[in-house]
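Chains as they are written, first to last, in numbering that gives the first Met the number 0: chain A, 0 to 335; chain B, 0 to 335.
Keep in mind that the hints are not guaranteed to be accurate.
Note that the list lumps identical chains together, so a pair holds whenever it fits in one copy or between two copies.
Once the Cα atoms are required to be at most 30 Å apart in a straight line, the calculated DSBU-like pairs of lysine-lysine come out as [as the list claims (entries may be wrong)]:
id : residue 1 : residue 2
1  : Lys117    : Lys56
2  : Lys56     : Lys37
3  : Lys306    : Lys56
4  : Lys245    : Lys37
5  : Lys144    : Lys320
6  : Lys102    : Lys320
7  : Lys245    : Lys117
8  : Lys117    : Lys37
9  : Lys37     : Lys102
10 : Lys56     : Lys245
11 : Lys117    : Lys284
12 : Lys102    : Lys245
In short, the hints are calculated from the structure, not lab data.
Number of protein chains: 2
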Amino acid sequence: MSSAAPAIAPATSDLAALKALVTDDMARVNTLILEQAKSDIPLISDLASHLIAAGGKRLRPCLTIAAATLCGYVGDRHIRLAASVEFIHTATLLHDDVVDDSKLRRGEATANALWGNKSSVLVGDFLLSRAFQLMVADGSLDVLKVLSDAAGIISAGEVHQLTVSHDLSITEAVYEQVISAKTAALFAAACELGPLVSGQLQWRERMRDYGQALGMAFQLADDALDYMADEDALGKAIGDDFRDGKVTLPVLLAYHQGAESERQFWQNVLEGDDAISDAALSEAKRLLAQHQSCEATLQRAQDYAAKAIALLAPFPDTAAKAALIEAAEFSYRRAF
Amino acid sequence: MSSAAPAIAPATSDLAALKALVTDDMARVNTLILEQAKSDIPLISDLASHLIAAGGKRLRPCLTIAAATLCGYVGDRHIRLAASVEFIHTATLLHDDVVDDSKLRRGEATANALWGNKSSVLVGDFLLSRAFQLMVADGSLDVLKVLSDAAGIISAGEVHQLTVSHDLSITEAVYEQVISAKTAALFAAACELGPLVSGQLQWRERMRDYGQALGMAFQLADDALDYMADEDALGKAIGDDFRDGKVTLPVLLAYHQGAESERQFWQNVLEGDDAISDAALSEAKRLLAQHQSCEATLQRAQDYAAKAIALLAPFPDTAAKAALIEAAEFSYRRAF
Numbered sequence: 000m001s002s003a004a005p006a007i008a009p010a011t012s013d014l015a016a017l018k019a020l021v022t023d024d025m026a027r028v029n030t031l032i033l034e035q036a037k038s039d040i041p042l043i044s045d046l047a048s049h050l051i052a053a054g055g056k057r058l059r060p061c062l063t064i065a066a067a068t069l070c071g072y073v074g075d076r077h078i079r080l081a082a083s084v085e086f087i088h089t090a091t092l093l094h095d096d097v098v099d100d101s102k103l104r105r106g107e108a109t110a111n112a113l114w115g116n117k118s119s120v121l122v123g124d125f126l127l128s129r130a131f132q133l134m135v136a137d138g139s140l141d142v143l144k145v146l147s148d149a150a151g152i153i154s155a156g157e158v159h160q161l162t163v164s165h166d167l168s169i170t171e172a173v174y175e176q177v178i179s180a181k182t183a184a185l186f187a188a189a190c191e192l193g194p195l196v197s198g199q200l201q202w203r204e205r206m207r208d209y210g211q212a213l214g215m216a217f218q219l220a221d222d223a224l225d226y227m228a229d230e231d232a233l234g235k236a237i238g239d240d241f242r243d244g245k246v247t248l249p250v251l252l253a254y255h256q257g258a259e260s261e262r263q264f265w266q267n268v269l270e271g272d273d274a275i276s277d278a279a280l281s282e283a284k285r286l287l288a289q290h291q292s293c294e295a296t297l298q299r300a301q302d303y304a305a306k307a308i309a310l311l312a313p314f315p316d317t318a319a320k321a322a323l324i325e326a327a328e329f330s331y332r333r334a335f
Numbered sequence: 000m001s002s003a004a005p006a007i008a009p010a011t012s013d014l015a016a017l018k019a020l021v022t023d024d025m026a027r028v029n030t031l032i033l034e035q036a037k038s039d040i041p042l043i044s045d046l047a048s049h050l051i052a053a054g055g056k057r058l059r060p061c062l063t064i065a066a067a068t069l070c071g072y073v074g075d076r077h078i079r080l081a082a083s084v085e086f087i088h089t090a091t092l093l094h095d096d097v098v099d100d101s102k103l104r105r106g107e108a109t110a111n112a113l114w115g116n117k118s119s120v121l122v123g124d125f126l127l128s129r130a131f132q133l134m135v136a137d138g139s140l141d142v143l144k145v146l147s148d149a150a151g152i153i154s155a156g157e158v159h160q161l162t163v164s165h166d167l168s169i170t171e172a173v174y175e176q177v178i179s180a181k182t183a184a185l186f187a188a189a190c191e192l193g194p195l196v197s198g199q200l201q202w203r204e205r206m207r208d209y210g211q212a213l214g215m216a217f218q219l220a221d222d223a224l225d226y227m228a229d230e231d232a233l234g235k236a237i238g239d240d241f242r243d244g245k246v247t248l249p250v251l252l253a254y255h256q257g258a259e260s261e262r263q264f265w266q267n268v269l270e271g272d273d274a275i276s277d278a279a280l281s282e283a284k285r286l287l288a289q290h291q292s293c294e295a296t297l298q299r300a301q302d303y304a305a306k307a308i309a310l311l312a313p314f315p316d317t318a319a320k321a322a323l324i325e326a327a328e329f330s331y332r333r334a335f
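Looking at chain A on its own, in the form it has when it is part of the complex (with noise of 0.2 Å):
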């Protein structure tokens, strides 16, 4: 990578045309949501509704939405698919947190650090199921295979990242790995499931490869963002996959680009066991901030997003098309 990539402007969009697009969907989504996500259990409901209070982007059920209507898509499939969709991401945050002992996402407490790790494990398990029972309830086994392999993907792509963390004598293709499975898995089967449901199969491939391009872009940008975003928009702690030891492309490019020295000062406190301070945190922002890290891991992203944005070319223009490039625009450019 260049090492001397342009100053991406801040966050141009909020999403508008995305959200405008798939509001009344997405209504219906919520609504599914809340009502899947209940249970005679009060510690389940507790937990998912908190989640679910928490919110976010939900920008892959999005997705599936905006995929369906690229795709001319009149039912209501898409709406327990997007549902079930979320469901995948919300297990898999829950147990992502339990194994980085986040205390903080979205600007809210974790449910870990509210309820404790052992109810994120199980009740991250109660909605993987309750996203399979809904794709049973569907009743499509395309759709079942689409989203049991991306389950399979990011599982073994949150172990790799795991196995790899602390370790700075990773690849850049190694690092691309990871994401690729454990983020734009998602994305590329919420994109899939467009065309799937609505018969236009022979757009499969292309809004499968749009959604993974999309998913690395934004992955990318994210992990820019730990080191660079306004702690308050972000909604979580800056230096987050710093202190969790995690090697990320912004340090792989500074590492390789450092002087011995530097090197140093990245294996210490990442390859090392001891609590990695404010003062180490400082560093690395210096350092990334040198090499322009940061600004060459986003440039990155937009390669990605610029790919995503190419493959949509094929389709007429429409709010859902334009809606697509705004999330493309978005994933890295985004201030949080």
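Following the hints, position chain B against chain A.
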């Protein structure tokens, strides 16, 4: 419950008839399990191999094979479905051991003791995804419904158990709800797959009920054995449930039959926050013996086993029927 339950003879069976019935099919199930647990990520393969080597009785997939044989099934689908059942069970065990912080299972160090909780959470997710991928490959929505519903019930039951641990005010009915969900639901599903895969749909409900009753007997016996068994034979530490603050039937019976001073003892140790001492475990065992609470629990297990056996009455006397009767007898007579 009667407090003067008859003593139950020690294990007279090592499941010889069941094992003989399923030997060939289970060899194929084990090969498939090994193959499906492989991954490019070494940690997944290592951890899965550890679980597979630890093995255990593999009772649930054996039940699927035996129930299919009982219904005259000819074909290969039961192999894949039995593997899927075992993957669901293994994923549950992995997450259970994280939640209970168990160090020993089936006489071996648990995965979380060896690889840490993070790995156990994520590899559990991977195995659950694999279970669904195997079902999707099988291609029956009926099978997917049976097993996704079971997975939902199990995880809700695990959460329920977590919320009522340390709580001596629960009724016996609540205890039975918990074990019905966390244990019997998968036994029921494993057995229902037999008639389902065989197209003998008239036996679905009966075999489901058989599995449900067998699962209740199995868990009731497990909860008694936690205070009675030979540690070497059981393959886990005696008193694990007690140390985890789990309020199981033996405890509930002794608690309700005990004098005020005894109830105070149970409250102090199970509802308190302190670590539970060996002396407390000895006292608990003394009180359980005094009230014959484990014997009464085993009697209830025997009642469920009798119910399971009665459900097999309409089937002709075959080796499969004998094996399933044996499994029910084994459920409460076993020493491990």
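Handout entry: Structure versus earlier hints - violations, ascending order
Key = Checked against the structure, the only hint that fails is number 6, while the rest are satisfied.
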